[in-house]
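Each chain is listed here by its residues.
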Amino acid sequence: MTNEADANAPPTPGHRLVRRRGRQLRERFIEVLLFLAAASSVAITFAIVFILVKEALPLFREVSLLDFLTDRQWTPLFDDAHFGIMTLIAGTATTTAVALLVAIPMGTVIAIYLSEFASHRLRETVKPILELLGAVPTVVFGYFALLVVTPLLQTLYPALPGFNMLSAGLVMGIMIIPYVGSVSEDAMRAVPMHLREGSYAMGATRLQTAVRVVMPAAFSGVAAAWILGISRAVGETMIVAIAAGMQPNFTVNPLEPAATISAFIVQVCLGDLPHDSLGYKTIFAAGLTLMLFTLLFNILGYWLRKRFREIY
Amino acid sequence: MTPAPTHDLRQLIARHRLWEQAFTILGLLALLIGLLVLLGLFLQLAVTGAPRLTPEFFTAFPSRLAEKAGILSAWVGSLLVMLVTACTAIPLGVAAGVYLEEYAPKNWLTAIIEINVMNLAGVPSIIYGLLALGLFVYQFGFGQSILSAGLTLALLILPIVIVATREALRAVPGSIREAAYALGATRWQMVSQHVVPYSAGGVMTGVIIGLSRAIGETAPIITIGALTFIAFLPTPPVTGEFPFLSFQWLKDPFTVLPIQMFNWTSRPEEAFQLNAAAAGVVLLVMTLTMNAVAIWLRYRIRRTIKW
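Note that the protein sequences, when read in sequence, are chains A and B. Those letters in the first sequence? Residues 1 to 312, per this note's numbering, in order. Those letters in the second sequence? Residues 313 to 619, per this note's numbering, in order.
Worth flagging that the hints you see were computed from the coordinates, not collected in a lab. Keep in mind that a hint or two might mislead.
As the list claims (entries may be wrong) - SDA-like cross-link-like pairs, simulated, lysine to any residue; straight-line CA separation at most 20 Å: (1) A:LYS306 to B:ILE427; (2) A:LYS127 to B:LEU609; (3) A:LYS127 to B:LYS418; (4) B:LYS380 to B:LEU586; (5) A:LYS306 to B:TRP420; (6) A:LYS127 to B:LEU338; (7) B:LYS418 to B:ARG482; (8) A:LYS127 to B:ARG612; (9) A:LYS127 to B:LEU347.
As the list claims (entries may be wrong) - If the Cβ cut is set under 10 Å, some of the chain A residues that face chain B in the computed set are: (10) GLU62; (11) LEU65; (12) GLY181; (13) ARG232; (14) ASN298.
All residues carry an ideal CB built from backbone N, CA and C; glycine is no exception.
The whole structure should be built from the sequences, with the hints applied where relevant.
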């Protein structure tokens, strides 16, 4: 009964109120602290954009944006300096294209197979393995590309140079298969069972159900997986830096060596890099370009998810 | 409309069945090729690197003589960098996850933070390297030190930790929260004494996956300009004199395992490539073990915890 008496007592500015005030203050303080932690992620984004733009801008005082976009040579560290980012973009596009030619068909077929055809046990065994493979460090894949796959390709095609985009792209594709496969499979699993049952009831086979019912229903997720694969391939650094050579080369022939945007950044950073040198500015310009591409793919992925989302 | 003759129907069914079988084989083949190629590559790495995996390999510094070179400075460096990364990313990531899941009001600010975390997860690691080069190395003047590298990798894995924390918190049923409130707990008491401890397993899973990603990252560390030839250890963190703890090691130059492997891979001499394979085996065993533990943990949580 004492409790009830306390609760009914008029609120006096006594001991309890002071304690409650303290408690409220502490709660407020903790909430602000947690908010700052969450807001720090936004701060990171701002910091990335700010640093990239700030360090790259001085370059554009020396090189016109038109030259940057149209020049066909990228030789920023030579006496006869050219700043044609297209050269690096061509390298990135070629390795990415080779990688996607491997990863998208393989990954999608694996996803369809696992989601619609494989037994429960096989799926439960393979899924963790796919996740595990996503954790292999990229420098290990770089080793494979340079020292295993390239010699292998050279036995088939002896004229292949030691550094080439084909081998880097192939290994990158193999690396991306687990991502594409795993994410697409998740999307297909999320399609409700009754859609499949409806399709089977109409007499469709599993393949018809998979291709005509499940795939369209899961398309936003599958497309998002492809986009994820593309942005991985575009930003991938170590494989191309190790196996594709680091010489800028304006070509889309995968049999040639060439530098990608990321490989160029690595190449410059491996050397001595004084602050405020020209090389220092160019890597930030290259990084800014890379960031813009990733942003573009992120937006595309976001749009695809919205545009093709099926609501059950 | 006349019904199709039985013969035609039979043919149609037979054709579809054939397609179906063809695809089953194709799917299995794709899966097997994907897995076997990777298995083959890993086996090649293990066979090449095995002869170099002696105890001396772990206790020797890198050297110009391939046979005498080891990974002592590399694994010590990796360990110290991971220490900085974990000490930064875990508190920050968990706090951010807790805020977004338990505190955040549904408004535009929260939406921006959420979209932003998703976007950060898609930013290539080399961009984080450039951020670190401009911000930590030059702006803050941390130099090419363990501190810079650890902070860089912490930023890199922050989205992973945040997302894992949120998923783990979401799995705790609302009744737990209501029960805590009903007993007069404040929000922080509810979160810190109930929801967070109950989701610790899930948070751990995310943290391990994040750290295993960080330990294998090479590009951002190269970007901040980490030296590749380091034949000495950082200052020991524990000293003989008062106050017994030294933070000098944070400022020391360093090398890490993936950098060492990259360095050896790009040498033309074959003897060094053997070292690269051996370092690759160590790296692979480390990351795969960490991930296997994380996946096992997740499956165990899923099976044992029934609310």
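Checked hints:
no. : hint                 : verdict
1   : A:LYS306 to B:ILE427 : holds (14 Å)
2   : A:LYS127 to B:LEU609 : holds (15 Å)
3   : A:LYS127 to B:LYS418 : violated (34 Å)
4   : B:LYS380 to B:LEU586 : holds (12 Å)
5   : A:LYS306 to B:TRP420 : holds (18 Å)
6   : A:LYS127 to B:LEU338 : holds (18 Å)
7   : B:LYS418 to B:ARG482 : holds (16 Å)
8   : A:LYS127 to B:ARG612 : holds (16 Å)
9   : A:LYS127 to B:LEU347 : holds (12 Å)
10  : GLU62                : violated (19 Å)
11  : LEU65                : violated (20 Å)
12  : GLY181               : holds (8 Å)
13  : ARG232               : holds (8 Å)
14  : ASN298               : holds (5 Å)
Checked against the numbered hints listed earlier, the structure breaks hints 3, 10, 11; every other hint is satisfied.
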